[in-house]
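Chains as they are written, first to last, in full-length UniProt numbering: chain A, 1 to 246; chain B, 1 to 232.
Be aware that one or more of the hints could be misleading.
Lysine-lysine pairs mimicking DSS-like chemistry, simulated, CA-CA at most 30 Å apart [claimed, not checked]:
{"id": "1", "chain 1": "B", "residue 1": "Lys-30", "chain 2": "A", "residue 2": "Lys-242"}
{"id": "2", "chain 1": "A", "residue 1": "Lys-22", "chain 2": "B", "residue 2": "Lys-125"}
{"id": "3", "chain 1": "B", "residue 1": "Lys-203", "chain 2": "B", "residue 2": "Lys-229"}
{"id": "4", "chain 1": "A", "residue 1": "Lys-243", "chain 2": "B", "residue 2": "Lys-203"}
Under 10 Å between C-beta atoms, here's a sample of chain B residues computed to sit facing chain A [to be verified]:
{"id": "5", "residue": "Gly-53"}
{"id": "6", "residue": "Arg-56"}
{"id": "7", "residue": "Gln-76"}
Everything labelled a hint here was simulated from the structure, so no lab data went into it. Think of the CB as a built atom: it goes at the ideal place given N, C-alpha and C, for glycine as much as any other residue.
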Amino acid sequence: MQGINNQSFDALLRHETRRVRKNGKPRMSRQWWMIYAIFFLAAALILTTYFSLSYHIEMKYIWSVCWGIPWVVFGFSIGKIRREWGNGTVGWWLALPYSRWRLIAAKFLAMMVRGLCLALIAFTLIILFGAYATLISSSLSLHDFQIFILSGWLPMLLDLAAFPLLAGLGLFLGVLRQSTWRPAGILFWVFWGILWSLFSSTGWFQGVYNGRYDPLALSAAVIISWIAALLLLLLSSWLLDKKLDL
Amino acid sequence: MTEPIIIAEQISKSYGRKQAIDHLSLTIEKGSVTGILGGNGAGKSTFFRMITGLVRPDSGRLTVLGEEPGWRTNSQIAYLPDRARWYGNYTAEQTFDWGSNILPGFEKSEALRLAELMNLPLDLKTEGMSKGQEARLMLILCIARSVPLIVLDEPFSGIDGSSRERIIEALIDAISEKEQTLLISTHEIYEVEGLMDDVVFLKDGAVQLTGNAEKLRTEYGSIYDLSKKMGD
Numbered sequence: 001m002q003g004i005n006n007q008s009f010d011a012l013l014r015h016e017t018r019r020v021r022k023n024g025k026p027r028m029s030r031q032w033w034m035i036y037a038i039f040f041l042a043a044a045l046i047l048t049t050y051f052s053l054s055y056h057i058e059m060k061y062i063w064s065v066c067w068g069i070p071w072v073v074f075g076f077s078i079g080k081i082r083r084e085w086g087n088g089t090v091g092w093w094l095a096l097p098y099s100r101w102r103l104i105a106a107k108f109l110a111m112m113v114r115g116l117c118l119a120l121i122a123f124t125l126i127i128l129f130g131a132y133a134t135l136i137s138s139s140l141s142l143h144d145f146q147i148f149i150l151s152g153w154l155p156m157l158l159d160l161a162a163f164p165l166l167a168g169l170g171l172f173l174g175v176l177r178q179s180t181w182r183p184a185g186i187l188f189w190v191f192w193g194i195l196w197s198l199f200s201s202t203g204w205f206q207g208v209y210n211g212r213y214d215p216l217a218l219s220a221a222v223i224i225s226w227i228a229a230l231l232l233l234l235l236s237s238w239l240l241d242k243k244l245d246l
Numbered sequence: 001m002t003e004p005i006i007i008a009e010q011i012s013k014s015y016g017r018k019q020a021i022d023h024l025s026l027t028i029e030k031g032s033v034t035g036i037l038g039g040n041g042a043g044k045s046t047f048f049r050m051i052t053g054l055v056r057p058d059s060g061r062l063t064v065l066g067e068e069p070g071w072r073t074n075s076q077i078a079y080l081p082d083r084a085r086w087y088g089n090y091t092a093e094q095t096f097d098w099g100s101n102i103l104p105g106f107e108k109s110e111a112l113r114l115a116e117l118m119n120l121p122l123d124l125k126t127e128g129m130s131k132g133q134e135a136r137l138m139l140i141l142c143i144a145r146s147v148p149l150i151v152l153d154e155p156f157s158g159i160d161g162s163s164r165e166r167i168i169e170a171l172i173d174a175i176s177e178k179e180q181t182l183l184i185s186t187h188e189i190y191e192v193e194g195l196m197d198d199v200v201f202l203k204d205g206a207v208q209l210t211g212n213a214e215k216l217r218t219e220y221g222s223i224y225d226l227s228k229k230m231g232d
């Protein structure tokens, strides 16, 4: 087929990785970005200095930040679909000479890239925080810093493992909202709530959080989540193809 | 001997109780410029969405370029969607690069030539463009493609007179030397009627009147006058 090859899919992927703002939304100037960055940095430095000098801080708890990153990816993924409609670009997107599967796959991969960037930024900032806290605190040693870094690998790895499911879920819900199957959204959330409660009541999430888990069960859960992500992407492309409400 | 590029046979499409397309039968000839006209809700945009596979008919048969419309046929169709906007974070130059990489048949050199003709700044991001500039950019994205079928859904919607003139000039310039089929829906009939070879009037999702533009002009004075009569 004319023009539809891997090279053009790369171009589509590059297009999807570009950050798209809501059309008509005023852009924040570079100066304001700088002001916010300086404010954030100063607040982090002051708080870290204060707590490091006044208390013996348990640095490993800062890794809890990581549990939020997959949900950020989830939100971005819903927005990735919603913005096509909101910005009036949906006609261009859906009239591209690519199968619905490729269109969804490009958005999914773009979300994975964004998630990876977010995780890397979070990882770097947390390490910097740990290094600074260790440097100024009299109660923290180099050994504490090593333990702190080692305690971060699991949440980071789980973050990366959770991205496919949360990105797939976000894209699916974004598409579902624009389809004639929109009412099924409520059913989906009920099902999701039941599943979440079930896992919570078994103490499964708490176990993973505290580092008490069966590696085999965890690996199986990750693989199942990836299969679920694939099914969600297939369902999304099917909805785009057959059940779109345009 | 003319050859059909679009054949619609008794196609229908409804949204709930609203019948958007109602047993529409129509043939569009290859190489012609056809105006699809009619009031709001006549079914023009739905018909165009069907041509590009965005919407499927509930019943009937639609053939575009000899196939059922879908993403495969879209490689040969340049489509300007109704009420479309362009991605705000792209400059015109970046948009043309995007077109070169993603849209089959897109010619960047032709796009640059048309941008100059339409006085479109290349380094300005779309979010900083006026509505008229953005409309010109989107039109270039369509007419700088060497594809057999161009479908323009309300390309002048919300555009001021001077931008409209530039767009029409560029349109005439772009299609005059190519053997492309152009389908255009517009309410600005007065300004574009000289472009049209054929005219189709839609009403309530069905063909109200169709014919050769020249013959209709002879009979009714102008397509614009005819459209006013049809609206009565």
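Now for the hints, and whether the structure bears them out:
For a cut-off of 30 Å, the pair hint linking Lys-30(B) to Lys-242(A) stands: about 29 Å separates their Cα positions. The straight-line distance between the Cα atoms of Lys-22(A) and Lys-125(B) is roughly 14 Å, inside the 30 Å bound, and the hint therefore holds. In summary, the hint linking Lys-203(B) to Lys-229(B) is supported, as the alpha carbons are separated by about 13 Å, within the 30 Å threshold. Taken as a hint, the Lys-243(A) and Lys-203(B) pair is honoured in the structure, with Cα atoms around 26 Å apart against an allowance of 30 Å.
Because the closest C-beta pair between Gly-53(B) and chain A is about 8 Å apart, less than 10 Å, the hint holds. Satisfaction of the interface hint for Arg-56(B) is found here, the shortest Cβ-Cβ separation to chain A being roughly 8 Å, below the 10 Å cut-off. The beta carbon of Gln-76(B) comes within 8 Å of a beta carbon in chain A, closer than 10 Å, and the hint placing it at the interface holds.
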